[in-house]
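Asks: Counting from 1, position 191 in the sequence shown corresponds to residue 191 in the working numbering; the numbering is continuous, with no gaps.
Everything labelled a hint here was simulated from the structure, so no lab data went into it. Even glycine gets a Cβ: it sits at the ideal position worked out from N, Cα and C. Be careful, since some hints might not be right.
[What the hints assert, rightly or not] Pair ranges (Cβ atoms, derived): (1) Y94 - L262: 32 to 42 Å; (2) L55 - T130: 15 to 25 Å; (3) D32 - Q242: 40 to 50 Å; (4) D241 - I171: 11 to 21 Å; (5) R113 - K272: 43 to 53 Å; (6) W42 - I127: 15 to 25 Å; (7) A251 - Y94: 17 to 27 Å; (8) Q293 - A134: 46 to 56 Å; (9) L55 - I230: 46 to 56 Å; (10) I297 - I127: 39 to 49 Å; (11) Y94 - T225: 34 to 44 Å; (12) N189 - D241: 45 to 55 Å.
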Amino acid sequence: MRRTLLVLLLLLVAVFMFEQCAFAGAWTVPKDHVWAEWYQKWNWAKYDYTPENHLDKKVRDGRSWGWSFEPKIEYGAYDWLNFLMSIVEYKQQYYKEYDRPRGPGNDWGDYKRKNHGVTAVRLGGKIRITDKPAVVSFQTKVDLNPGYGRNHGDDLAFRENPSLGDGETGIEMRGLIGKEFHLPFGWKNKQIKCYAGAESGYRINAHSELANQVPFFFEGGFWLTKHHLIKTELDGRWSHDQTGSIEKEWAIWRIGCLWAVLGGDPVAKQGKQFNVEFQYGLWAWGRNVSADQELIIKLQTEF
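All chains should be built: construct the whole structure from the sequences, respecting the hints.
Replies: Structure follows, in structure tokens:
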């Protein structure tokens, strides 16, 4: 009862105090346990991906930059069933054109614009189907648009105003698979602990103009020490052509390090723990999106 009240309290705090990925990983949180994460991201770019997948400089030597945060909670109703909650996602985005012409009508200086707002409310569930020889799960997630949109300055083409997103409500279904294993390393029969995971599915976008998408996610890593995990991932979406007039797709490569301060297993989400994770990300490919670079910090705990 006390644990349930604590979960509800965390949700209420998130709703009333916060104004801003997916819940990655096939592993589920044990029954009556809570996995909580604070996700903070900074992003910047001076290039866009065109409709032909070409990398072009932003118009008039433009620059975009911004930041966002998103608190996430995963609750184990059973060992095999988790509820996923990302109550709010808040973003701020800025845009400036360094080569914008000056003169009559432009004497106010360089073109600079700002956009901000709550961009998503996410709810979902994850069912673990099996845990041997690998963990296999099925996940459904609903993204709800809290009300912002193009009337607030968003630009779906990322050409003029700093876009916060597509103002999109949608439902996403994924299959997930993951496995932890050991590989021989060095001499004297030493082994190194590793993990790998993959996800894919289908996303139906409620917006009549935005095409549906096929999400994909691949990750892997190894434990450098008992408390330090080196990891990399590829996170993206393919556009399902002809399901909408606006087709967006991308692939983001990330690399980073996780510090398991209290031990435990942050991959399988087992044991009480506190983790700090740093990641660098690069939008390595895309269409109709900004070619961002990003820095991510995650704070994670399980209780």
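Asks: Taking each numbered hint in turn, which are not upheld by the structure, reported in ascending numerical order?
Replies: 2, 6, 8, 9, 10
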